[in-house]
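J.: Each chain, letter by letter, is given below.
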Amino acid sequence: MAVVNEWAFIGVFFAIAWVFPFVPILGARLLAPHKPNAIKQSTYECGVETVGDTWVQFKVQYYIYGLIFLVFDVEIVFLFPWALAYSQLDFFGFFAGLVFVFFLFDALVYAWRKDALEWV
Amino acid sequence: MFELNAQSIAFIVFALFSLGGALGVVTTRNLIHATLYLILSLFGAAGFFVLLSAPFMAAVQVLVYIGAIAILIVFAVMLTRSMTRLSDIYNSQWLLSAIVAGLLFVLLLVGVILPVWGVNGTQAGREVSSIVTTTVDLGKALVDQNQYVLPFEVASLLLTAAMIGAIVVARDDKE
Amino acid sequence: MNDVCSINNLTQCLLDGGVSPDLANLLTILGGVVLVATVPLVTVIFLIWIERKIAARVQDRLGPNRVGPFGLLQSVADAVKMLTKEDITPMGADKFIYNLAPIIAFATVVLIWAIIPFTPLHIGADLSIGILYFVAVASIGTVKIMIAGWSSNNKYALLGAFRTIAQLLSYEVPLVLSLLIPVMIAGTLGMQDMVRAQGSMWFVFMAPVAAVMFFIANLAETGRAPFDLLEAESEIIAGYNIEYSGFKWGMFMAGEFMHAFTAALLAAVIFLGGWWGPFVEQVPALGFVYLGLKTAVVYIFGLILRSTVPRVRIDQLMALNWKWLVPISVANVLITALLLKVVDAIGLAPQSGDFFAHLPQTLVLLVGNLVLMFGVATVLRNRGRAQRLVDEAAHPVEHEDAPVVAGAVGH
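Protein chains in written order, with this note's numbering: chain A, 1110 to 1229; chain B, 332 to 506; chain C, 12 to 422.
Just so you know, these hints were derived from the structure itself, not from any lab.
Please note that a few of the clues may not be correct.
Unchecked claim - DEER-style ranges, computed between Cβ atoms: (1) A493(B) <-> P1142(A): 49 to 55 Å; (2) P1145(A) <-> E403(C): 52 to 58 Å; (3) G351(B) <-> R322(C): 38 to 44 Å.
Stated by the list, open to error - Once the Cα atoms are required to be at most 35 Å apart in a straight line, the calculated DSBU-like pairs of lysine-lysine come out as: (4) K106(C) <-> K1144(A); (5) K96(C) <-> K1144(A); (6) K1144(A) <-> K1223(A); (7) K96(C) <-> K1223(A); (8) K334(C) <-> K471(B); (9) K352(C) <-> K334(C); (10) K1149(A) <-> K1168(A); (11) K1144(A) <-> K334(C); (12) K92(C) <-> K1168(A); (13) K334(C) <-> K1149(A); (14) K471(B) <-> K352(C); (15) K1149(A) <-> K64(C); (16) K1223(A) <-> K334(C); (17) K1168(A) <-> K106(C); (18) K92(C) <-> K106(C); (19) K64(C) <-> K92(C); (20) K64(C) <-> K96(C); (21) K106(C) <-> K96(C); (22) K1149(A) <-> K352(C).
Beta carbons are placed, not taken as given, at the ideal position from N, Cα and C, and that holds for glycine.
Could you put together the complete structure from these sequences and hints?
T.: What follows is the structure, encoded as structure tokens:
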């Protein structure tokens, strides 16, 4: 029952957390003046008219960073239970973690050597 | 059998998130909207994990799927030119793919659910296990010689291979 | 029999008063949620004042001093101004998502507060996976930036959003890797247990490298200098929230201030012993004060850093993360794991809960951390020297009165 209660707390928190930012925004909507016109609503860039479509093509480097992050993220997810149980593991447990992290490091070294970590 | 308590209400809410999100993914024409619907759907799935007393899996669901994969999908969408708005979500093969998807779903229903939870299924009258498996047990099982240490290491190797493959495919080597 | 109704026995109290069990439970939870969620809302008003005051002092100014005593009510005045400011939705914006983004931005930060153990008593939720909850909720933060940048229909917003997401994703790796160390030492993911495990020794002494990594990664996660690239005016104007005005913009700003404070709060909980302090077990409310003081130390250090250091470039930002922080964090995990097993094998592991029982283990871990720090510092120094030689060869420095001799470079 206690465990359920903890999550009920989180559930209620999720249900009402959005109210805190919503109320002032709603208040502003009621209080603030609202007189839109075409110039006011135009896109704010450098002072000149915006050119072309906003949703431009992005370079591949963002995707590579995303992929490297994803691999690390999944590895860390595996490492969390390992770290949690670590005090109850024997030396083999350390060794298993070492091999696991070694492969992770391997991937990082590969990305590094291939210049996949460079921004430009 | 069915009673309206806090848990069943939560289940219904998460089911609505999950199914509504999934429906949104396949019906919207805007790929970014589709990603947001996908996030909603995944969030519902995380809620199911909490209801199943598997909070670790719930956190992983949010961390990996919403925090990483959904963002990766957005990056992938932005890599492609003028793909954020599809002009038409149907193409000439929509009927064929609908039939295949429907058949797969029936296969899943008949092949997986019936033998397990059907009338003659193995799990039909089984009590829910009373053993509480904690994250600590998971950690111990992952590095136990008699349990999952090999899959644990192979998973790491697989992820390394995935990353190397991704870098090879995504980068255009000028040399 | 309890005579006094407080947050801890509210359920029982309501039951005694004849309220139905379900309703009593719900009311207790609601009360707790409102209590926990109001703290950050009240704090953020003062945070902005403190931040402006400290930035002003560093820059030899006075800072806000007109509205209220010491300018304390400046943030209130700002809030009133924002309430009455016209809210502009740019043309071509994706309206629903555009309005959703500031709400998510603020809500995700408030949500982290659900698991903070303020006192030894039970307030909020003490989840068994507390730390992972924090990591998971923090990772939703990237979504708000993505949708704010995308829905504004503005190239700068989109560019800023993508840069910021790349930054947040990258720095999440050392952040989470550094959290593995306290988890390993304490053997728990729950926040309250994490604090209890630090009863005789704070984790900052056992894992200083992890604490520093956590601090640096959090500076980047919260967009604080030297990693405040998301608001680099000279490059991307104001980043992902450029088109927002009025209170929607205010929500992004308030969320950012609060996130920085929340990060300091978590650092205090995970590495500085949370609510531990003298007499805290007799007077639990003192825990709130101790936690506040520890948080203030971390937070104000971050503020002074913010107004002192210049901003890094985006390529330097990425290089710092992937080529320094991530390898150091991985090495740190392995070194700590090895030392913990060695300490265990030679029988130095703490047998009881007092300070001296923890001393040998702490010393071993501390020495291991110092060796790692020294190694990193040595590599950094050599790299810096080599780089300086290359730079000076490419662009010779011209001093009018003291010409540089080639042989003297690098000393």
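J.: All the hints need checking, so say for each whether the structure fits it.
T.: Verification of the supplied hints:
{"no.": "1", "hint": "A493(B) <-> P1142(A): 49 to 55 Å", "verdict": "holds, 54 Å"}
{"no.": "2", "hint": "P1145(A) <-> E403(C): 52 to 58 Å", "verdict": "holds, 56 Å"}
{"no.": "3", "hint": "G351(B) <-> R322(C): 38 to 44 Å", "verdict": "holds, 42 Å"}
{"no.": "4", "hint": "K106(C) <-> K1144(A)", "verdict": "holds, 17 Å"}
{"no.": "5", "hint": "K96(C) <-> K1144(A)", "verdict": "holds, 11 Å"}
{"no.": "6", "hint": "K1144(A) <-> K1223(A)", "verdict": "violated, 54 Å"}
{"no.": "7", "hint": "K96(C) <-> K1223(A)", "verdict": "violated, 51 Å"}
{"no.": "8", "hint": "K334(C) <-> K471(B)", "verdict": "holds, 32 Å"}
{"no.": "9", "hint": "K352(C) <-> K334(C)", "verdict": "holds, 28 Å"}
{"no.": "10", "hint": "K1149(A) <-> K1168(A)", "verdict": "holds, 32 Å"}
{"no.": "11", "hint": "K1144(A) <-> K334(C)", "verdict": "violated, 51 Å"}
{"no.": "12", "hint": "K92(C) <-> K1168(A)", "verdict": "violated, 40 Å"}
{"no.": "13", "hint": "K334(C) <-> K1149(A)", "verdict": "violated, 45 Å"}
{"no.": "14", "hint": "K471(B) <-> K352(C)", "verdict": "holds, 15 Å"}
{"no.": "15", "hint": "K1149(A) <-> K64(C)", "verdict": "holds, 34 Å"}
{"no.": "16", "hint": "K1223(A) <-> K334(C)", "verdict": "holds, 13 Å"}
{"no.": "17", "hint": "K1168(A) <-> K106(C)", "verdict": "holds, 27 Å"}
{"no.": "18", "hint": "K92(C) <-> K106(C)", "verdict": "holds, 24 Å"}
{"no.": "19", "hint": "K64(C) <-> K92(C)", "verdict": "holds, 20 Å"}
{"no.": "20", "hint": "K64(C) <-> K96(C)", "verdict": "holds, 25 Å"}
{"no.": "21", "hint": "K106(C) <-> K96(C)", "verdict": "holds, 19 Å"}
{"no.": "22", "hint": "K1149(A) <-> K352(C)", "verdict": "violated, 65 Å"}
Going down the numbered hints, you'll see the structure goes against 6, 7, 11, 12, 13, 22, while the others check out.
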